[in-house]
Amino acid sequence: MTEFLQYLVLGLLVGGVYALVASGLSLVFGVMKIINIAHGAFLILGAFLAYTIWSRLDIDPLLGIVIILPVTFVIGWGIYWAAVRPVRSAPIASTVLLTFGIALVVEALMGFAWGNNATSIRPGYGSESFHLAGLYMPKAQVYGGLVAIGVLVALGLFLTRTWLGRAIRAAAINPTGAELIGIKVVTVSALVFGIGTAAAGAGGAIIGVLYSFVPGTHYVWIARLLAIVVLGGLGSLNGAMIGAVVFGLAETFTAAYVSPAWATAFPYLIVFAVLLIRPQGLMGSRLREDAVAT
Amino acid sequence: MLGRVLVGVAALLLLVFPLLSDDAYYQNMVILSLVFAIAASGLNIIMGYAGYVSLGHGAFIGLGGYTIGVMATRFDTVSPWLWVPLAGVVTMVVAIGLGFVSLRSSGASFVIITVAFLFLAQVVAVNWVGLTGGSGGLTLPLPGWDASYLNWPFYYALLGLLVLQVALSWWVRRTKLGMGLVAIRGDESKAATIGINLPVQKIIGFAASSFLVGAGGAVYGYYLTFIDPRGMFGILLSVQIILSLLIGGSGTLWGPVFGAFLIEPLNEVANNQFGGGNIRLLLFGGLLALVVIVLPQGVLPAIEGLLLRRRTAGKAGLVGARIRTEGVSLESLTSRNAGTVETAAPHAILQVQDLSKRFGGLRAVDHCTFDVRQGSITGLIGPNGSGKTTVFNLIDNTMSANGGTITFDGHRIEGLPAWDRAHRGLGRTFQITRLFRDMTVLENVVAAQRAFSMSQLTHIAVSGPEAKAAEELLQFVGMRDFRDQKARALSYGQQKLVELAQVLMLDPKLILLDEPAGGINPVLIERMGDMIRELNSYGTTFLIVEHNMPFVLDLCERVHVLGRGATMATGTPEQIRSDPAVIDAYLGEDFELEPERVQ
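So the sequence lines, in the order shown, correspond to chains A and B. Add 10 to a position in the first sequence, counting from 1, and you land on the number used in the working numbering. Add 131 to a position in the second sequence, counting from 1, and you land on the number used in the working numbering.
Mixed in with the good hints, there may be bad ones.
[As the list claims (entries may be wrong)] Pair ranges (Cβ atoms, derived):
hint: 1; chain 1: A; residue 1: P96; chain 2: B; residue 2: D154; range: 40 to 50 Å
hint: 2; chain 1: A; residue 1: F122; chain 2: B; residue 2: G595; range: 50 to 60 Å
hint: 3; chain 1: B; residue 1: G362; chain 2: A; residue 2: G125; range: 44 to 54 Å
hint: 4; chain 1: B; residue 1: G546; chain 2: A; residue 2: P96; range: 56 to 66 Å
hint: 5; chain 1: B; residue 1: P514; chain 2: A; residue 2: G187; range: 14 to 24 Å
hint: 6; chain 1: A; residue 1: W91; chain 2: B; residue 2: L438; range: 48 to 58 Å
hint: 7; chain 1: A; residue 1: W91; chain 2: B; residue 2: I434; range: 44 to 54 Å
hint: 8; chain 1: A; residue 1: G136; chain 2: B; residue 2: V224; range: 44 to 54 Å
[To be verified] DMTMM-like cross-link-like pairs, simulated, lysine to aspartate or glutamate; straight-line CA separation at most 25 Å:
hint: 9; chain 1: B; residue 1: K599; chain 2: B; residue 2: E545
hint: 10; chain 1: A; residue 1: K149; chain 2: A; residue 2: D70
hint: 11; chain 1: A; residue 1: K43; chain 2: B; residue 2: D569
hint: 12; chain 1: B; residue 1: K599; chain 2: B; residue 2: E646
hint: 13; chain 1: A; residue 1: K43; chain 2: B; residue 2: D661
hint: 14; chain 1: A; residue 1: K43; chain 2: B; residue 2: E319
hint: 15; chain 1: A; residue 1: K43; chain 2: A; residue 2: E138
hint: 16; chain 1: B; residue 1: K617; chain 2: B; residue 2: D277
hint: 17; chain 1: B; residue 1: K617; chain 2: B; residue 2: E602
Hints are computed from structural coordinates only; laboratory data are not their basis. The beta-carbon is built from N, C-alpha and C at its ideal position, and this holds for glycine as well.
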């Protein structure tokens, strides 16, 4: 029972980190209808940035998120203007290939900058744990989960309580209508791409503390993230959160009770199962495909 | 002409290449180019024609490679060549399974499932050690032929497969199946309304795009003689295939082949001159992003477009020409409706009962009930926002209803997908025309499928009886001269006429016309009215949404008036004209039909 409780808490904590990263992916899809394959690469970029901040400047990697957020935001914002904007009205088939290309380029650049050897971040508390009521909680997991939830709450407040946040949601629901009431959708899209990238970067900093990584690790992460947003329902922010938590729990339990080797297959099986049984995901509504094309 | 000469020269070069060079470096490069050419040309069927991106085609090569690897290491007494067709079958079966999971819905989920498949294949290959040898891989027996043949048997096997692949790709594009796939790329939900069975056609297209890729993968695996998860299911394999297709020209016959022979040498240079690894990633990723942004149509179509522009410079286009409006009667129409005019007991061909559609809290259609009599021309009028077009969308399943029943020709159809409704004889045009913009006028018309059968999918669409019927219909609507123009070059009015011909290709019993007279000139409106009457005289029933009151009231024998999503009045044009409720809600106090505008 204690063991079960422990996996439950660990699953929830890791689910919080997944939720942060997946919310960025879902936000971008919601506003731009772009499946951002580069999202996993942005995550690993966040991890490398955290590594540099920690090893060169001796700043705690989780604290480093304060620096990583603006840096990755600007990177995402810049990429939007340079590469995504020219094809923003292209069909999903083109944009998915574009972001795939961006993912490869980012992977290559990370390889040049940081090398292709396994990198890990080990702050002082990296090997310590909390002991509470017989539960054994690695400090890094607890801090990481809490920080992720903190950033996520801030993002949620931004989206619901500020004018800009409402503009973003308006642009997601009805771009044409948003234009009509004075929201410049291109500007909003650039911001959203930046925010999405920053969410990936912040999540990456946390993940970098928890696991070791190489530039090529981003494939594993994009697979996980796609599984999460498919599970939650493409484009639904709440769905992404719920999907992330469910996924985090399921993954933790599979690794603990079934087999760690096959746990790597888990995300892909989730995708297959969800698309087979409920293509719109847990929270998603089916995309409107009936709108008259003009 | 120039194109054919170039293709001929290239084919000849490939055929005699072994005589020209025995350099191992170039030999390897050409063999790999052939593998990628087969894969890119296969991918072209699902991605180029149907517009569905598969990031998993690299894994089909791997699947083929593993099939031959697993079989050849277990049965070492038979020739490994035997497993090449088996590899094709295995790959196709897997593709059909994937298609069943993901192709029933559209776009995004297919991309995701192909990515998931690619990674899953790798995980399985690593973990299922008993079958695949795990990360250690499998080593195939060395080929048994004389060493002086070098690798040329592999070369000619791949060349043969490439010929088959290009032939398949060429043939598919000319059939009803290919026309359906291209229509799906253009406008999927419109394709459904002209009788194209979306999931079945997409799954068949995906199967066709995978078979020879698997077979090619098997030859590739045999050639390498060593098969491991990294090499066979690496993501860059898929990237190179996609890149070859995109750079050469997605949707063209020779583009993918050309692209493969362009990219593979680049790949070799990146690997050998620059040490591979990150440089190769940068090259592929950068090229992929660049092609999508700068040259989305690919090299061959770009060159073709350039040549076409130079050739046609200074010549006037046909598209501005006046539409010939003299009446042409129809010979090919309408087997399905023949004889129905005689048995004119006026039963209802369409009955709509309590039909409802909500958008959130807004009830766009609210318990709407009406019927359309067999052989009639019936009008559906009402103020803007009263739910007319939504009713059309519900009847042909462009949207699904929240409640109510639709009975068409004695059968309940509200649960049927759009293509089934089309096959039963329901045709529909759109208020804002929805032709397939990249297809020619003729292709637009032959894309319609009046029934579904596997054998019918293999019919050649662009010539023979299908094309003849389409041309007759185009002649009827006065658009035959435009048959080879792209639909996007046509004016709005011309598009309306082509869309009518497209719907007629379904040989429909009932045609729903959404504002046939909207936005076209008076002469054409008159011609439109004549055509509707003529078609009606052959037995076709019409239901017309229209705001042009003189047009509707003159044409229709019965009119339903919609208000707030429900039927508020029904009657003859005279009754409607004098109904106080209708005047109040729609026509207005000062409505007066000017007889001289109706002719």
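Status of each hint after checking the structure:
1. A:P96 / B:D154: 40 to 50 Å: 42 Å, holds
2. A:F122 / B:G595: 50 to 60 Å: 58 Å, holds
3. B:G362 / A:G125: 44 to 54 Å: 23 Å, violated
4. B:G546 / A:P96: 56 to 66 Å: At roughly 43 Å between Cβ atoms, A:P96 and B:G546 fall outside 56 to 66 Å, so the hint is violated.
5. B:P514 / A:G187: 14 to 24 Å: Since B:P514 and A:G187 have Cβ atoms about 22 Å apart, the given range 14 to 24 Å holds.
6. A:W91 / B:L438: 48 to 58 Å: Cβ of A:W91 to Cβ of B:L438: about 35 Å, so the range 48 to 58 Å is violated.
7. A:W91 / B:I434: 44 to 54 Å: With a Cβ separation near 30 Å, A:W91 and B:I434 fall outside 44 to 54 Å, so the hint is violated.
8. A:G136 / B:V224: 44 to 54 Å: For A:G136 and B:V224 the Cβ distance comes to about 48 Å; the hint holds.
9. B:K599 / B:E545: 34 Å, violated
10. A:K149 / A:D70: 13 Å, holds
11. A:K43 / B:D569: Satisfied, since the Cα-Cα distance of roughly 23 Å is no more than 25 Å.
12. B:K599 / B:E646: 28 Å, violated
13. A:K43 / B:D661: Distance of about 44 Å is beyond 25 Å: violated.
14. A:K43 / B:E319: 17 Å, holds
15. A:K43 / A:E138: 42 Å, violated
16. B:K617 / B:D277: Not OK: B:K617 and B:D277 at ~55 Å, beyond 25 Å, violated.
17. B:K617 / B:E602: 15 Å, holds
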